Amino acid sequence: MRARVLIRPKAGILDPQGAAVERALPALGFAGVGNVHIGRLIELDVEDPAQLQPMCEKLLANPLVEDYEIILE
Amino acid sequence: MKFGVLQFPGSCDEVDALEAARRVGDAELIWHGQRDLAGADAIVVPGGFSYGDYLRAGAIARFSPAMESVIDFARDGGLVLGICNGFQVLCEARLLPGALLPNANLRFTFRQVELEVLSSGGSFTRACALDERLSIPAKHAWGRYHADPQTLATMDRSGQIVLRYAPGQNFNGSLHDIAGVCNEAGNVFGLMPHPEHAVDELVGGSADGLKIFESMRMSVEGVHA
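Protein chains in written order, with numbering that gives the first Met the number 0: chain A, 0 to 72; chain B, 0 to 224.
Chain A extracted, bound-state conformation (with noise of 0.2 Å):
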């Protein structure tokens, strides 16, 4: 089965590359752009979904500062 962990920083927690880029796209003129926030996206075929969670408590992320999401396809 394929799976996408979708894994951001936890809210709260300062996210510099959101920053950059939100400071960068009105730079470009593209006006009305907040909150951003960039992540991590691990795409993989499990035979045990069940297994994912795990997984991302043990290694995906790190759950002190990440949060993550699990989308099975």
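Warning: the hint list may mix true and false statements.
Claimed, not checked - Computed footprint of chain A on chain B, listed as stretches where at least three residues anywhere in the stretch have a Cβ under 8 Å from a Cβ of chain A:
(1) 52 to 59
(2) 98 to 105
Stated by the list, open to error - Take a look, some chain A residues computed to stay more than 10 Å from chain B by CB distance:
(3) A2
(4) A19
(5) D66
(6) I70
Everything labelled a hint here was simulated from the structure, so no lab data went into it.
Bear in mind the structure is a predicted one, so any value in this text is a computation, not a measurement.
Cβ coordinates follow ideal geometry from the N, Cα and C atoms, glycine included.
Guided by the hints, dock chain B onto chain A, whose structure is given.
Leaving out everything else, chain B in the frame of chain A:
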């Protein structure tokens, strides 16, 4: 006493750590695939880019055979020092609270930093005086220390915040200007700046870093300052 210095693929500061440790005791390199810690009395997890820092700095190194042994060694009360990437590995292994995030300015930065010793007398700072300043180089892109507010409050109360960047020196955006922390038991310590690069005034800007290694020797040998 004998220091064991871990070496991962991608480590780059293990030789300086070995040489620094040899100024106060014996030292031996321990390859990451090795479970046997070679009878070491204390472990140094050195700086570098273990396993390429793929995924997150320290995330994969934390599962190496040598680190599994270091986790047991630390749980039995053994002294473990993590420097820079080693600090990231110890946080990923949950031997230390919190996490290291990309520097707030997103730049790799190399500079001499002034640190304040907030907690002396512990296993890693007993050769230092309280409020003493140490001048040590730092060089990293992922050094912004983060922990949630409750964890920070607990650490503050229990003296786990060992080193802080002096005013104006916090170049990476670490919360509470934190440069180095220990675990609750005080036997595991991590810091982003590099004491192993400051063991000789001729090339290190100062020899202040030696005090960390000397403190560890004193702790292992039961010497009190």
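Right, here's what the structure says about each hint:
1. 52 to 59: holds (count 4)
2. 98 to 105: As far as the stretch 98 to 105 of chain B goes, the hint holds, because 7 residues have Cβ atoms under 8 Å from chain A.
3. A2: Correct as stated: the minimum Cβ-Cβ distance to chain B is 16 Å, above 10 Å.
4. A19: At about 7 Å from chain B, A19/A fails to clear the 10 Å cut-off, so the statement is violated.
5. D66: holds (13 Å)
6. I70: holds (19 Å)
Checked against the numbered hints listed earlier, the structure breaks hint 4 alone; every other hint is satisfied.
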